[in-house]
Amino acid sequence: MTERSSWVVTTSGSLAVSDVARTLTKHGFVVEQMLDAVGVITGRCAASRVDALRELPGVSDISPDTPVDVGPPDSPDVW
Amino acid sequence: MPPRKRSRTTRAAKTGATSRAQATTADNGIEAMLLAALAAGDDSLETGRFLISYKEGALDAGKRRLASQGMRTADARDFEAQDVNVADVGDADAVVFPEIGVALVTGTAARSRKMLATTDTDADDPEQVIEPEYFVFSGGDASEYLRGFMRAASTIAADIGAGEGAPGEDVQPEVFGATWGLVACRVPPSVRTGLGIRVAVLDTGMDLGHPDFAGRVAAAASFVGQPVQDLHGHGTHCIGTACGPLAPAGATPRYGIAHRAQIFVGKVLTNSGSGSTASVLAGMNWAIANRCAVISMSLGSQAPVQAAYTNAGNAALNAGCLIVAAAGNAASQTGAPANSPSIFSVAALDRNLAPSSFSNFGKIEIAAPGRDIFSAAPRPRRYATMSGTSMATPHVAGVAALWAQVSPVLRGRTLWNQLRASARGLPLPAARVGAGLLQAP
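The listed protein sequences derive, respectively, from chains A and B. Residue 38 in numbering that gives the first Met the number 0 sits at position 39 of the first sequence; the count goes up by one each step and never skips. Residue 222 in numbering that gives the first Met the number 0 sits at position 223 of the second sequence; the count goes up by one each step and never skips.
It is worth saying that the hints were derived from the structure and are not from the lab. Only a predicted model underlies this, so the values are computations on that prediction, with no experimental measurement involved. Wrong hints could be hidden among the right ones.
Derived CB-CB ranges, DEER-like [to be verified]: (1) A:Ser47 to B:Pro303: 55 to 63 Å; (2) B:Pro428 to A:Asp60: 27 to 35 Å; (3) B:Ser356 to A:Glu31: 18 to 26 Å; (4) A:Ser5 to B:Ala219: 52 to 60 Å.
Sample of chain B residues lacking proximity to chain A, with all beta carbon distances greater than 12 Å (derived) [unchecked claim]: (5) Lys54; (6) His233; (7) Arg290; (8) Val405; (9) Ala434.
Just so you have them, the derived chain A footprint on chain B, three or more residues with Cβ under 8 Å [as the list claims (entries may be wrong)]: (10) 266-276; (11) 300-308.
All C-beta atoms in this analysis are idealised placements derived from N, C-alpha and C, irrespective of residue type, glycine included.
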């Protein structure tokens, strides 16, 4: 799998988002956004560390940050 | 902008009453006008006719002024069900459409009176705006010009009832009325406006100076490092459908649903139409924190269910917010984020209420118009026609805002259920159309 540097961390709700972010930071994760209303943290780290981060308390899921767009071009009529 | 000087030698009857009947025919023949413009190489997109929009309550004064200028006027109320075939108005110089407070002046009458486009009217004038009428095209760029021309010719001719035979019930009024999508969702008869409801549209931003949206934007934020101003067009189009005005100026049809909702513009995609999960989640977070009852997301990717989106959808529902998202246009399984169980997934329908060929399937909550959707576009274009589940989604967002206005109980999961319960059943599998065709309260 291609190594990715940006990640989306979904919290479990058992801990405050800020607490989870603090723990992630201690483990080498560079927090970029703390999204309290949706329980998500985004940031960067080496792919090799992600499996370990998934085991941290308050972490429900860690997935690569993936591209999103208004396509695939909606139809031949769309820009 | 003053009307351009024209050199259309093919247009019949340039001046004078002696040629009036011929002029009327030419002026009212959309195809003739298009072909004349094409032959003359005119790229102004103006038809030669003028539209006068009157101030509220000033229609009668406006009619008197037309009469004082020697114009013979026809009134749409004189036609059955106000179904005016513009080609049938005889030798009238102008047709008045009282429901929308607009008069259409023929090219001949406009030219002989040296009519000028203006927005600079005096306080006691009945006119609000006088502007050239424009052709309406599908497609986005010059390479589609001819194709758009021909499509527009047939579409507009059908819309105004040109040609033989009685007006067909399947002909949707678009030149003076509402878009086919709004009609299909029974928006025009609804008394709801979306007043007091916050609608967030997370997309490529918005043309914040678009004249149809003056004073409508409650908040705007960018999550992609670019100004909110939409240089792409997709976001402005989606906001137009969800929240566009009740009566756009001139002959522009009504294309917007929740015309009194508060618009929250979240730019989560760049001007090239791209972004990432992180920027989208940041926008969702912002919209939920602002307690937007409806959050519209015409975006996605052909990815499996993503936990973060599911979480965000649940957070939204718990906060009384409903996230609607486009199923996607890959003619494949519903993409993310619409495939999350907590996000309301929207499929696209064609005008004949069949699923659009591109529309994804599988996890679908509802279906809404998504083919050939006319809505707002960034200036100078102002309007455009686009297709996709991206266009179906803001139909749902707008109608959801109308339902949300009905009762403060209709929020989150309750609003979700209401949209599905009120949908019009279609004889198609739920995997294609969900509960069926979206319907306004």
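Against the structure, the hints come out as follows:
Here the CB-CB span from Ser47 (chain A) to Pro303 (chain B) is close to 23 Å, at odds with the stated 55 to 63 Å. For Pro428 (chain B) and Asp60 (chain A), the Cβ-Cβ distance of about 31 Å falls inside the hinted range of 27 to 35 Å, so the restraint holds. At about 39 Å, the CB distance of Ser356 (chain B) to Glu31 (chain A) disagrees with the hint of 18 to 26 Å. Our hint of 52 to 60 Å for Ser5 (chain A) and Ala219 (chain B) is violated, since their Cβ atoms are close to 25 Å apart.
With a least beta-carbon separation of about 36 Å from chain A, Lys54 (chain B) lies farther than 12 Å from that chain, consistent with its non-interface assignment. For His233 (chain B), the requirement that its beta carbon stay farther than 12 Å from each beta carbon of chain A is not met, with the minimum near 5 Å. For Arg290 (chain B), the condition that its CB be more than 12 Å from all CB atoms of chain A is violated, with the nearest at approximately 10 Å. With a least beta-carbon separation of about 26 Å from chain A, Val405 (chain B) lies farther than 12 Å from that chain, consistent with its non-interface assignment.
Residue placement check: Ala434 (chain B) keeps its beta carbon more than 12 Å from all beta carbons of chain A (closest about 23 Å). For the region 266-276 of chain B, the stated coverage by chain A is satisfied: 7 residues place a CB nearer than 8 Å to a CB of that chain, which reaches the threshold of 3. Taking a C-beta to C-beta cut-off of 8 Å, the region 300-308 of chain B contributes 6 residues in contact with chain A, enough for the three needed, and the coverage statement holds.
Of the numbered hints listed earlier, those contradicted by the structure are 1, 3, 4, 6 and 7.
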